[in-house]
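J.: Take the given structure of chain A and dock chain B to it, following the hints.
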Amino acid sequence: MPDPYQPPGTPRRPLRQTLGLLARFGVISVVLAGTAGGFAYAGGWLSPDRLTPARIVDALSQRGGDPTGYRRNHAKGICFTGAFEANGQGAHLSTARVFVAGPYPVIGRFATATGDPRSPDAVNRVRSLAIRIATPDGQEWRSGMNSSPVFAVATPQAFYEQAVATRIDPATGRPDPAALQRFAAAHPETAAFAQWARSAPWTASFADQTYNSLNAFRFVDLQGVRHAVRWSLLPTVPATPSTPEELARLGPDFLAQDLERRLAEGPLSWRLVVTLAAAGDPVDDPTRAWPADRQQIEVGTLVVQQAESEDGGPCRDLNFDPLVLPTGIEPSADPILLARSAAYANSFDRRAAEVGATPMPHAGDQP
Amino acid sequence: MSRSTEGFGALARVLHWLMAAMVLAMLFIGVGMVTTVSGRYEWLVGIHKPLGIAILLLVLLRLGNRLRQPAPALPADMPGWQKLAAKGSHILLYVLMAVMPLLGWAMLSAGGYPIVLYGPIHLPPIAPHDAPLYALLHGAHVVLAYLLFATFLAHLGAALVHALIRRDGVFASMAPWPQRQVVPAPITPVGTSRQARAR
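Chains A and B, in that order, give the protein sequences.
Its first residue numbered 1, the first sequence is counted upward by one per residue in the UniProt record's numbering.
Its first residue numbered 1, the second sequence is counted upward by one per residue in the UniProt record's numbering.
Keep in mind the hints are simulated off the structure, nothing from the lab.
C-beta: ideal position from N, C-alpha, C; glycine also.
Be aware that one or more of the hints could be misleading.
[What the hints assert, rightly or not] Which residues of chain B face chain A? A partial, calculated answer using Cβ under 10 angstroms:
| # | residue |
| --- | --- |
| 1 | Tyr113 |
| 2 | Val116 |
| 3 | Pro124 |
| 4 | Ala131 |
| 5 | Leu147 |
| 6 | Phe149 |
| 7 | Leu153 |
| 8 | Leu160 |
[Unchecked claim] Facing chain A, from chain B, some residues (calculated, C-beta under 8 angstroms):
| # | residue |
| --- | --- |
| 9 | Gly32 |
| 10 | Glu42 |
| 11 | Leu117 |
| 12 | Val161 |
[Stated by the list, open to error] Derived coverage of chain A by chain B (criterion: at least 3 residues anywhere in the stretch with Cβ under 8 angstroms from a Cβ of chain B; other residues may be distant):
| # | stretch |
| --- | --- |
| 13 | 53-64 |
| 14 | 72-78 |
| 15 | 231-237 |
| 16 | 281-294 |
| 17 | 327-337 |
| 18 | 341-350 |
Excised from the complex, chain A in its bound form (with noise of 0.2 angstroms):
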C-alpha cells in the first residue's frame, strides 16, 4: 500500500520533504484554526466583555419574583384586542398600509415596567402599552411605547447598568440604595426621566395615560423623502391623581382589574399623534424630549375593546418586537431601539421555551 502522504517526485532531499510537508499541514492547521477562531470571535466567545442580549437579559432576569415563562421586562401585563382606525393623515407621512384610513385588527397588551411578574401594580412608576397592527398587504407594526417621556438612558451599556443597579439584594429583597446613587451619578442623561418620576401624578388606571414611542423612526414618503418622527398615543379620559399610598390600598393588580371594569362599560380610545422632528432634533438619544412646539399630526385613533388574562391571552407569545415595520416606517439610528429588538427577541426565546416546560395555563392561539 502506498504511503498516501507521500508527495509525487523523486525523494532525493528527504528532510526537505518532510520540511515541506510540515508546512504544508502547517496552512492547513491555520486555515481551520483561523475560520474556527473568527466564528469564535463572531461569536463573541473571545470578547467577554461586550454587552451581549444574554447579558442584559439575564440583568432584568434578577429584579424580583419569578419571570419563568414572562416578558423579562415589563413582565407583568394584561393583553386586549382592538382595532387602529387611521383617519388617512398619515399617508402624506409614510407609505404604510397603515395610514389609509380604515380600521385595521389590533393585538396588544398593557403592562408595567417590572421584571417580577407578580409585583403590585402601586410599585411601578412606568407603564407600557404595546401594539401589534395587521394590515391587508401582509405587514406589521409593532410598537411598545411607554409612559414617561423620555427614556432613562441612552446607550445600551447605560441600560445594562441600570439593570444591575436594581438588582434585588437577597439579603434585604430589594435593590442596593448605594448602587441606585452610585449608577444616578455616573448617568446625568437620567435626569430627565428621573424629574418625570418624581413629579408626574400617579394614577389608578392603563386608560388615562399617554403612551411615547421614545426613540425616534423615519416615515417614508410617496416622494421618498424620510421625516424623522417620534409617535404618542393620547388619552381620551381625564387622568384623576392619586398617590402611591393611595394605590396601595386598591390591591397588588388595580391596574388590571380597572381595565376589565372600564372596558365592560365600553371601548377606551387613544389618540395617535405623530410629532415631526426639526433640524437639530436629537433622534437618536431617546432621553432627550423634543421641544414642545415641534408639528404633531393626528393620524388615527387606537379603539381597545375587550381584554383578556396573558395566561393565554393572544399577546402572551406575541413579541412586541419594535423593529417589526411595514415598509413606509424605518428605525432611526438611535442604539437603545436597534438593542431593543435583540434583547426583546433573547426574552421571547427564553420565555416560548418555558412556557412548553412549565404548568402555566395555556391554551395559546393556535390556528
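T.: Only chain B this time, still in chain A's reference frame:
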C-alpha cells in the same frame, strides 16, 4: 492517482463556491447577530433572512444538478473509512443546507413573526403560531447551526488535505478554476462513479 480528466461540471462548481461563501457568511452572521446589541444587529438580521431563503433555492437547484450529474469517483487508493466519511459528510451538508433555512422559516412562523425578506416582500407562515413549537424549532436551528459549522470545518480540512498533502485530484475536481485538461464528455464521470459505487 490523478483524476485530472474528471471533475465536476461548471454549474456544479459555480454553485459550490457561491454557496460556500453564502453558507459561511450565514454561520458568521447567525452567531454574530444573536450576541450583539449594537446597531449591526438589525443589519445582520436583515441579511440573514433573505440569504437563507436564497440558499434554500440554490440547494434545490444544486440537488437537481447533482442527481443529473453525479460526483466523480474518489481515488481508488483512499481508505474505505475515508470514502464513507466523505460520502456521509456530503449528505449531511446537503441535508443541513436545505433544513436550516426551512427551520428558520418555520421557527419565525411559530414565533408569530412576519417573515420579511426585503421591503414589502414577505413569505407566508409554514407552521402554526405556537410558543413551545417555536422553542423546539429555535433549539434545532441553533444546534444544527453548530453541527453545520463543524461539518464545514471537516469538509474544508479534508479538501485541503486532498489539495496539499495527497494531491490526488480530488480538490482539482471541484476547484474554482478550470482543470488543465478539458473534460471530454459528461458520460465519463457518470460511468466512472457508477463503477466506483459498484465496487
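J.: Taking the hints in turn, state whether each one holds.
T.: Now for the hints, and whether the structure bears them out:
1. Tyr113: It holds, given that the least Cβ distance between Tyr113(B) and chain A is near 7 angstroms, below 10 angstroms.
2. Val116: holds (8 angstroms)
3. Pro124: holds (8 angstroms)
4. Ala131: holds (4 angstroms)
5. Leu147: Because about 13 angstroms separates Leu147(B) from the closest Cβ in chain A, which is outside the 10 angstroms limit, the hint is violated.
6. Phe149: holds (6 angstroms)
7. Leu153: This hint holds: Leu153(B) lies near chain A, its Cβ roughly 6 angstroms from the closest one there, short of 10 angstroms.
8. Leu160: holds (4 angstroms)
9. Gly32: Result: holds, 4 angstroms to nearest chain A Cβ.
10. Glu42: holds (5 angstroms)
11. Leu117: violated (12 angstroms)
12. Val161: holds (7 angstroms)
13. 53-64: holds (count 3)
14. 72-78: violated (count 0)
15. 231-237: It is violated: at least three residues are needed, and the stretch 231-237 of chain A offers just 0 whose Cβ sits closer than 8 angstroms to chain B.
16. 281-294: With 0 residues closer than 8 angstroms to chain B, the stretch 281-294 of chain A misses the three-residue bar; violated.
17. 327-337: holds (count 4)
18. 341-350: holds (count 7)
In the structure shown, a violation is registered for the earlier hints numbered 5, 11, 14, 15, 16, in ascending order.
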